[in-house]
Structure formats: C-alpha cells, structure tokens
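J.: Protein sequence lines correspond, in order, to chains A and B.
For the first sequence, our numbering gives the first residue as 111, with consecutive numbering after it.
For the second sequence, our numbering gives the first residue as 12, with consecutive numbering after it.
By construction, these hints were calculated from the structure, which means they are not laboratory data.
None of these values were measured; they are calculated from a predicted model.
The beta carbon of each residue, even a glycine, is placed where N, CA and C say it ideally should be.
Worth double-checking, as some hints may not be accurate.
To be verified - What follows is a set of in silico ranges between Cβ atoms, one per label pair, in the way DEER data are often shown:
| no. | chain 1 | residue 1 | chain 2 | residue 2 | range |
| --- | --- | --- | --- | --- | --- |
| 1 | A | Arg131 | B | Ile94 | 42 to 48 Å |
| 2 | B | Glu99 | A | Lys227 | 53 to 59 Å |
| 3 | B | Glu255 | A | Pro166 | 27 to 33 Å |
| 4 | A | Asp157 | B | Pro239 | 26 to 32 Å |
| 5 | A | Pro166 | B | Lys68 | 24 to 30 Å |
| 6 | A | Lys227 | B | Glu135 | 34 to 40 Å |
| 7 | B | Glu248 | A | Pro166 | 24 to 30 Å |
| 8 | A | Asp180 | B | His74 | 56 to 62 Å |
| 9 | A | Asp157 | B | Arg196 | 29 to 35 Å |
| 10 | A | Asp180 | B | Leu256 | 23 to 29 Å |
| 11 | B | Gly192 | A | Leu183 | 25 to 31 Å |
| 12 | B | Thr134 | A | Leu183 | 52 to 58 Å |
| 13 | A | Gly154 | B | Phe153 | 27 to 33 Å |
| 14 | A | Leu183 | B | Ser258 | 56 to 62 Å |
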Amino acid sequence: MKILIVDDFSTMRRIIKNLLRDLGYNNSAEADDGKTGLPMLQSGNFDFLVTDWNMPGMSGIELLRAVRADEKLKDLPVLMVTAESKREQIVEAAEAGVNGYIVKPFTATTLKEKIDKIFERLGTA
Amino acid sequence: MTSEALQKNEEALTEEMLICARQLVVDIEQGNTDEVKNKLEELTRLREAELFQELGKLTRQLHESLNNFQVDSKIALITEQEIPDAKERLLHVISMTEDAAHKTMNAVDESMPLSASLLSSATEIHQEWKRFRSRELSVDEFRKMSSKLDDFFVSIESSTRQMHDNLNEIMMAQGFQDLTGQIIRRVISLVQDVEDSLVELIRISGKRIIDTGKGPAAETQGFGPKVPGVDHGDTVEGQDEVDELLSSLGF
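I would like the entire structure built from these sequences, with the hints used as guidance.
T.: Below, the structure is given as structure tokens:
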C-alpha cells in the first residue's frame, strides 16, 4: 500500500513515516503542503493520504476538498493528523469527507487504531 | 472649519495685511499721523487673527491625532489580548520542549542499563562459548553455560522489546518540534503586527492616515496547537473528545 504523508514539518513527517513503517506500511512518500501533495496524488497511484491541517500554501482542509472534488481521487481514504482542535474544525473536516481525525500530540496506538478502523470500514463497505 | 477653508482664510489675511502695510507706508510718507495710528492698530488686529487661526489649526491636528489613536482598535487588541497570549504561547513552548527533553532522557536512562546488561552477559557467555569450542569446559560448566544462555535469550527478548518501545518514545517526543514551531510562527506574526502598528502610530502622529477598514487577516490556515491559558474558543480535550464528536456525527 502506497501512502502519502503531507505535513510542513519534516520532523512530523519522519515520525509518521516511522510509525507507519512500524505498522508494516513501508511504501510512503512525503510532501510539505497541499500544493506539492495534490499533483503527487494525481499522478502517483496512492492508496492512502495522511495530512496535517495547518500548512502554508495549501492547507490540509483545502487539500481534502480538492481530493474529494477530483474524479480520480474522490474515494481516496484521508486521515487528518493535526493540532487543530476546534470543534467547528473537526465538524468541517467531517463534512468535507475526512475518514479519520487525530489531534496532535498523539500516540502510536491512536494512529494504528484509526488506520485499522478506516480500512475495516472500507473493507466492509 | 476644514483645512482648505483655513488655508483660504490665511491667504486672505496675508493679502489684507499686505494692502494695509502698503497703505501705512504711503501714510507715513505723507505724514498722516492719525491714519498711521489707525493702520498700525489694524495690522496688530490682523496679526492676532492670524495667531488665532494657527491656534485653531493646532487644536484641530491634536483632535484628529487623538481620534486616530482611539480608532486604531488593533493596537488595543494587541496590547490587551495578543501580547499576553504570546507570553502564554512562549511559556508553553518552554514547557513542551522541557517535556520532550525529559521524555527523551527518561527513555535513554531506561535503555542504557538494559544495553549494558546485555553487553556484559554477551561478553561473559562469549568467553565461555570460546572455552567450550576449545573443549575446555567440564560437563558441569557446560550445564551452567546453557542455563545462562536460556536466561540470556529471555532477557534479549524483553530488553530489546523494551528498548524498541523506548526508541519509539524518543521518536514521538520529537513531535514537539512541529507543535512549538507552529506556536512560534504565530508569535512571529504577532511581532510583525506590532511592528506594523508602531509604524502606523508614527505616521498618524504626523498626519491623518486613511482608514482602510481592513481587520485582522481571516483564519484560513487554521489556529495552530492549543495553548493553556489562551482562549481558543470551543476546542476538544484530546483524542477521546474528537472520537466522541465524530461518532456523534455518525462516524
């Protein structure tokens, strides 16, 4: 499974990449905001997107909306991992079609749980 | 009175004084003592009027400056809320970096004895193993070594598992860099705002500035990490509340 990690902080990208590798997902790529991430998604056959919200250029919520609006990408599972913790933002992300939402700081267990849940739901859908 | 009107008035006054002064010269030359006295009085009167006008202008400028000062509500917002907020944010950065440093050092403190003990066991067993290969070991010593080996395998398993967890802990602790980075960026943008406001303040103390009606920039990029002591509105406390909220939305 090919996963794209989008976060403007390289340390956080590394953390998520390492955690994913620990969970057995070895094939991941990185982008530092939506603007660079979206073209990668459009041309890269990704199976899963993990994105931050607060990024310069194109934010995660804008990226999510762009993904849902794209005929080829609209079914891509998207997990948001972000420090944004306003209720209205979580609702906004849910309405935009996010598949999971994790607030930072988070634990390895939380990441595993949410990813498992997303694929479990997609598998039964 | 507008400043244009003031300007006109001033020109008219100057003109009037000029006419009066020319007439005064003529009167002095012709020796019209009474007229000279009248003209001098007239000139004094005009001079006073000019002074009053200057005073009016100054009063008006003062009034405008004070008005502008009050109108610039952004400065008030910055001093009343954003500067104290920034202090809280920076204090939070200190506590987050401190926390991450402690987590990292705790994990290191826990791992060091584990690796030291593995090393010493490995060295010990290795020595015995070498003696065993050169057939120097008695049956009794061999039995002891194999029991040590059993223990060693068990401790390798548990120690490396523990060290792996500790390494993970160290890695997760590095998340502070992202979160504090976001917080510091916001403080930098506040410093920029303060700078802009000070520049504006200097400008309006000189002349009236035009109110562009531009408020603070809209939040399109998000609000960044939550900081204790800073009001963020309606936010969630941790992942459990996120899950609760999402499940209430049918997730």
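J.: All the hints need checking, so say for each whether the structure fits it.
T.: Hint check:
1. A/Arg131 x B/Ile94: 42 to 48 Å: 43 Å, holds
2. B/Glu99 x A/Lys227: 53 to 59 Å: 35 Å, violated
3. B/Glu255 x A/Pro166: 27 to 33 Å: Holds, since glutamate 255 of chain B and proline 166 of chain A (Cβ atoms, about 31 Å apart) stay within the stated range.
4. A/Asp157 x B/Pro239: 26 to 32 Å: 38 Å, violated
5. A/Pro166 x B/Lys68: 24 to 30 Å: 48 Å, violated
6. A/Lys227 x B/Glu135: 34 to 40 Å: At roughly 47 Å between Cβ atoms, glutamate 135 of chain B and lysine 227 of chain A fall outside 34 to 40 Å, so the hint is violated.
7. B/Glu248 x A/Pro166: 24 to 30 Å: Because 28 Å falls inside the window, the suggested range holds.
8. A/Asp180 x B/His74: 56 to 62 Å: 58 Å, holds
9. A/Asp157 x B/Arg196: 29 to 35 Å: 32 Å, holds
10. A/Asp180 x B/Leu256: 23 to 29 Å: 27 Å, holds
11. B/Gly192 x A/Leu183: 25 to 31 Å: 29 Å, holds
12. B/Thr134 x A/Leu183: 52 to 58 Å: For threonine 134 of chain B and leucine 183 of chain A the Cβ distance comes to about 56 Å; the hint holds.
13. A/Gly154 x B/Phe153: 27 to 33 Å: 59 Å, violated
14. A/Leu183 x B/Ser258: 56 to 62 Å: 26 Å, violated
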